[in-house]
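Keeping their order, the protein sequence lines are chains A and B.
For the record, in the first sequence the residue sitting at position 97 is 97 according to this note's numbering, with numbers rising by one throughout.
For the record, in the second sequence the residue sitting at position 98 is 98 according to this note's numbering, with numbers rising by one throughout.
Note that these hints are calculated values from the structure, not bench results.
Just so you know, even glycine gets a beta-carbon here, dropped at the ideal spot from N, CA and C.
Hints may contain errors.
[Unchecked claim] On the chain A side, residues computed to face chain B include the following (Cβ under 7 Å): (1) 25; (2) 30; (3) 51; (4) 52; (5) 54.
[As the list claims (entries may be wrong)] With beta-carbon atoms standing in for the labels, derived distance ranges: (6) 161/A <-> 144/B: 48 to 56 Å; (7) 96/A <-> 7/B: 31 to 39 Å; (8) 104/A <-> 90/B: 21 to 29 Å; (9) 2/A <-> 268/B: 51 to 59 Å.
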Amino acid sequence: MAIADFVKSAGESFRVGWKIESNWTDPVLFATYQVIRPLASLLIVAFIVIIGASVGASANSAFYSQYLAWLIVGNAFYAFVLQIMLGMAILVHVDRTRYEVLKNIYISPGTLHPYVIGRGLVSVVNGAVSVILTLLFSVAIFNGLLHMNIPLNLLNVNLLMLQPARHWLHALRCKHRFESNGIHPGRLCLRHLLPSRGSHLPNCPTALVRTADLECVADNLLAQRCSRELRSLAHSELHVRSCLLGCDDSCYIDHWDCSVQAGRTEGEEARTL
Amino acid sequence: MLPKATPREELLINLRAAYARMWVRLRGSNREITGLVAEIGLPILTIGAYVILYRAIGLPPTAGAAVIIGGAMIAFWTNVLWNMSSQWFWERESGNLEMYLVAPVSRMSVLLGMAMGGSVNTSIRALGIVLLGIFVFQVPFQLADPLSIGLVFVLTLVALYTMGMLFASIFMLYGREAWNTANLLQEPVYFLSGAYFPRIYAPVVPFALQAAGSLIPMTIGLDAIRRLAINGEGIATVWPHILALIACTLILFPLARRALNYMESLGKKEGRLTLRWQ
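So here's chain A without its partners, still in its complex pose (with noise of 0.2 Å):
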């Protein structure tokens, strides 16, 4: 039921998100916009290269060829660069200054994050159709019309390439994999990866406990400390691994941040998990 929710809210702000980035236009203007934009700008590129290749400055058309296909290739991808981290950049500042509905979101019984999501997919899509129609336009104009044999060959792409990424995917998930009481692989994200909230202020020690008295199941304490829902369930059951403590270690619980420090006496630096 709450993905289902998740999903339908994501849905609705892809929507907005299509209103907002076309700013509620019409359509074929916001279309030819679409097409023209990345169009003009492969444009600037290529008559770059075939201008400098008019004037002469090396007698080497394949060297121009190649370079023109990397130019082509970096400047159809540079369009995911502008469109998701401007269109994502702007999100916040647009929604509480300009269309002031932040705070409607922000109260609302859902979150912000399918919003964000919603929005995202939005940038990813107009992106994506910026990429497609500039490559396939490459390949028409310079190979097609002006027989330039560019190397560019859009049925011989090597997709495997992207099994590298499809891996360390794979091994982020692994490391964050649910255990008893992890994080589910679906429910990962860029929360997990960074330092708690609270992880730069001095710690206060709330328990004394001994190590003994822990089990000793989780995998991955960081994933416990920043999950929202096992936050609660920390200050209950709190696992650490016996190798990293020790079986008689003392060792603190914070309570505030649900971090365990182990191994603190005056004048020794604590170890925090």
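Let chain A serve as the given structure and place chain B on it in line with the hints.
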């Protein structure tokens, strides 16, 4: 009934309105020094990419100089596009358009004030871009005839901002399309004007592109400035450019005036001149 103002009084009040609008623009754009620094520093990154690209493909350093001048002129186009053409749209959204319309001055004087303020502001930034570009990339310039460069530059600005006035008049009734239309006129104009090319009037550039680019005064002015400042040519070689720029101004200014009057009357008839969020 108010007594009818003499032509001299009318001229004075319009000039005062233009000065007031210019003052707002100058004051508003320069009150934050970090904005000024960013507006000079950030274009250098784009320009730098092209200069490095030119070096990589083995073009002479004058190509880098051409890009620096082009990058500086891009600042004027951006200003014309966002701070002139779309200005009535922003004024309507912020609720100032009503005040302009009831003021006993010509709307053209308000546009003139915007243009003057914008051109002064952007000139400061463009100068910063050129100086920083020369300092960072060490590109050669040959300023054999600075007066001619100044003349061509002023004529280019006049023609460009007159075009901005025309766009502003056309955009007056635009609703939300103004945003996307202004966006639409960015990259294609960067391309057509040849701002990032060593020269647009080269045999390798198709004639249709050159003709389309020549409809933008910036293309003509940019080519003339490059010839004067980089190639060291004299005013004799750029007189067709000067004539073309004067012709652009003489054509565009009456057109802007007519378009403004037409759009204003059309907006009043349709009742959406000051209608926000349309």
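Results for each hint:
no., hint, in the structure
1, 25, "5 Å, holds"
2, 30, "6 Å, holds"
3, 51, "6 Å, holds"
4, 52, "4 Å, holds"
5, 54, "4 Å, holds"
6, 161/A <-> 144/B: 48 to 56 Å, "54 Å, holds"
7, 96/A <-> 7/B: 31 to 39 Å, "50 Å, violated"
8, 104/A <-> 90/B: 21 to 29 Å, "25 Å, holds"
9, 2/A <-> 268/B: 51 to 59 Å, "54 Å, holds"
In summary, the structure is inconsistent with hint 7 from the numbered list given earlier, while agreeing with all the others.
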